[in-house]
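**Q** Here are the chains, one letter per residue:
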Amino acid sequence: MTDKVHISTEPGGQRLSLTDGTASLLLVPRLGLTLPRYHFHIGRVVHAAQELGLFRVQTTLLLGNDHTGHSELAELYFAPGLGDAAQTAALSHLIAAARALIARQPADFGDWLIAELPGWRDASGASPFWQALGERFYAGDAAEAEARLGPAWRSHLAALLPRQAVYLSFLGPAAEARLAQPADAARPALAALQAAGFQPAAHVRIDDGGPVLAWRIA
Amino acid sequence: MNHLLLRPVAEADLPALVRMAAASADGISSLPNDEAKLAARIAASMQSFASLDDASGEETYLFVLEDTSADSEGRVVGCSGIAASAGFFDRFYSYRNEFVVHASAALGVSQRMHTLHLCHDLTGATLLTSFYLEPDYEAGPAAQLLSRARLLFIHANAERFSERMAAESPGVTDATGQSPFWDAVGRRFFGMDYPEAEAVIGGRSRACIAELMPPSPVYVALLPEAAQWAIGQLHPVGELPFSILQDEGFDADSYIDIFDGGPTVEAPLASLRSVRHAREVTVGPATGRQRWHLVVRPSRVGFAAVLAEIGDQVDEATATALGAHAGERLLATPLNAEDRA
Numbered sequence: 001m002t003d004k005v006h007i008s009t010e011p012g013g014q015r016l017s018l019t020d021g022t023a024s025l026l027l028v029p030r031l032g033l034t035l036p037r038y039h040f041h042i043g044r045v046v047h048a049a050q051e052l053g054l055f056r057v058q059t060t061l062l063l064g065n066d067h068t069g070h071s072e073l074a075e076l077y078f079a080p081g082l083g084d085a086a087q088t089a090a091l092s093h094l095i096a097a098a099r100a101l102i103a104r105q106p107a108d109f110g111d112w113l114i115a116e117l118p119g120w121r122d123a124s125g126a127s128p129f130w131q132a133l134g135e136r137f138y139a140g141d142a143a144e145a146e147a148r149l150g151p152a153w154r155s156h157l158a159a160l161l162p163r164q165a166v167y168l169s170f171l172g173p174a175a176e177a178r179l180a181q182p183a184d185a186a187r188p189a190l191a192a193l194q195a196a197g198f199q200p201a202a203h204v205r206i207d208d209g210g211p212v213l214a215w216r217i218a
Numbered sequence: 001m002n003h004l005l006l007r008p009v010a011e012a013d014l015p016a017l018v019r020m021a022a023a024s025a026d027g028i029s030s031l032p033n034d035e036a037k038l039a040a041r042i043a044a045s046m047q048s049f050a051s052l053d054d055a056s057g058e059e060t061y062l063f064v065l066e067d068t069s070a071d072s073e074g075r076v077v078g079c080s081g082i083a084a085s086a087g088f089f090d091r092f093y094s095y096r097n098e099f100v101v102h103a104s105a106a107l108g109v110s111q112r113m114h115t116l117h118l119c120h121d122l123t124g125a126t127l128l129t130s131f132y133l134e135p136d137y138e139a140g141p142a143a144q145l146l147s148r149a150r151l152l153f154i155h156a157n158a159e160r161f162s163e164r165m166a167a168e169s170p171g172v173t174d175a176t177g178q179s180p181f182w183d184a185v186g187r188r189f190f191g192m193d194y195p196e197a198e199a200v201i202g203g204r205s206r207a208c209i210a211e212l213m214p215p216s217p218v219y220v221a222l223l224p225e226a227a228q229w230a231i232g233q234l235h236p237v238g239e240l241p242f243s244i245l246q247d248e249g250f251d252a253d254s255y256i257d258i259f260d261g262g263p264t265v266e267a268p269l270a271s272l273r274s275v276r277h278a279r280e281v282t283v284g285p286a287t288g289r290q291r292w293h294l295v296v297r298p299s300r301v302g303f304a305a306v307l308a309e310i311g312d313q314v315d316e317a318t319a320t321a322l323g324a325h326a327g328e329r330l331l332a333t334p335l336n337a338e339d340r341a
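Taken in order, these protein sequences are the chains called A and B.
Take the first sequence: its letter number 134 is residue 134 in this note's numbering, and every next letter is one higher.
Take the second sequence: its letter number 325 is residue 325 in this note's numbering, and every next letter is one higher.
Isolated chain A, as found in the complex (with noise of 0.2 Å):
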């Protein structure tokens, strides 16, 4: 299957392509050493009180940069008018490759490799987890922000958002529901990482609430 893969090195790591042109990405070999990259870690808190008969779950977000030096399957990218099911056997293939070129030379990549998927939007666009929170915390247009500030506009969103955890309780049933649930258009990408062994997220994008899904390198 790698043979159908072309391998090309750029700054920031190494992009791979499907040679027919349908699909590629760029594997990030450490991310965040330079300029630094923001999740939320999705927590539990278990609050008892006995006397009571109360026994809840708590859902808590934390800010952190818990991803760095790991590395990344960054740039998903898809030729428009691909269908699903073509798209998740092209990121497969493309995981395979990232995967064979992480094992020629382990040394060169971090524990974890980790990808984002954009979290969930209804029909307008407009995203509940940024409504919820985000927007809260960050009045300008944000479109217009990641628009002009590229992939910084994360790290600059995190010196706005809150530092302590973040009970998920607060932000609503809205964001609640949709928390770490990709965009409809990137289920076939979850689709493909999650057959490929990724793990469930526990970390989401700061702005979209979009998952974070990891599979262990090392």
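Careful, some of the hints might be misleading.
[Unchecked claim] DEER-style ranges, computed between Cβ atoms:
(1) 144/A x 174/B: 53 to 61 Å
(2) 243/B x 135/A: 49 to 57 Å
(3) 302/B x 55/A: 49 to 57 Å
(4) 50/A x 54/B: 32 to 40 Å
(5) 174/B x 36/A: 38 to 46 Å
(6) 271/B x 48/A: 36 to 44 Å
[Said to hold, decoys possible] Covered by chain B, per the in silico footprint, the following chain A stretches (three or more residues, Cβ under 8 Å):
(7) 53-60
(8) 163-175
Calculated directly from the structure, the hints in this document are not laboratory data.
Note that the Cβ used here is the ideal one computed from N, Cα and C, for glycine as well.
With chain A fixed as given, assemble chain B onto it according to the hints.
**A** Below, chain B alone, put in the same frame as chain A:
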């Protein structure tokens, strides 16, 4: 002298307390609407006033206001209390208002974010509690006597109290007893509505309940607007006692109640106006300008307080009304702000 007398609660006051507890709004008064609990409050108070032991901090004191005018025949028209040490059996929880600046030059934003921090700061402070006054008496100086005489009692018996005073005030609730602050904060962690939670909280230490609340700060920006607005807001029934404490110099900006968001005021005892302007008086000739004062017999056993117009010293009739013996030293503090020298 007018016709009001503040004195320690006695066993015979139980029917009056039952009447006042029933009249005060449910869930927002610190008087339990329960005869057995009120009897226990009376017994605890009598024990605290009479005890010869060193103070342990668990003491509670309850005062009642009597209308001594001929028509009223000593009818009890109000009450107020003191808990020597907040959270005596455990911890006393509050939310402390803190502001954190979140800034990003690249995004052109620098803003003060309001956060609420769960804290035990007021544990051990002396709490002013149980204020209730019949509506007919709210317009006059009765509320001043009822609330502020406690401060002189604490001042005169300082070894039994903290140097730091605090008082809780009921937060806003709607017509059905629901609290917007509770709905946005406590409800998420208790899964019950406010009246139900109040009923559960009533007989228990609040500390075990606060174990259910998040230890990390609450970002106010994440709360619905109604809950944000309720932070530090008073229930209308709390306005009168709150305004008296504000005039005394209590700070209302630092702490709120963790359940309904009502303001919890606090101040060092020595900074309070009634205490700063208190002076010792004895029975003597009517020299000096006659001004209205709170005059108290400060001893723990036999404590009493009245309102009287006095000059440099106190007159015989006032001393008699207080039950003071000849030559006993009394404490007086001006009733009105303009008379504070």
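**Q** Decide, hint by hint, whether the structure agrees.
**A** How the hints compare with the structure:
1. 144/A x 174/B: 53 to 61 Å: The hint (53 to 61 Å, Cβ to Cβ) is violated, given that residue 144/A and residue 174/B are roughly 40 Å apart.
2. 243/B x 135/A: 49 to 57 Å: violated, 38 Å
3. 302/B x 55/A: 49 to 57 Å: 51 Å Cβ-Cβ, so the 49 to 57 Å window holds.
4. 50/A x 54/B: 32 to 40 Å: Between residue 50/A and residue 54/B, where Cβ atoms are some 34 Å apart, the hint holds.
5. 174/B x 36/A: 38 to 46 Å: Holds, at about 45 Å.
6. 271/B x 48/A: 36 to 44 Å: With a Cβ separation near 41 Å, residue 271/B and residue 48/A satisfy 36 to 44 Å, so the hint holds.
7. 53-60: Holds, because 4 residues of the stretch 53-60 of chain A bring their Cβ atoms closer than 8 Å to Cβ atoms of chain B.
8. 163-175: holds (count 8)
In summary, the structure is inconsistent with hints 1, 2 from the numbered list given earlier, while agreeing with the others.
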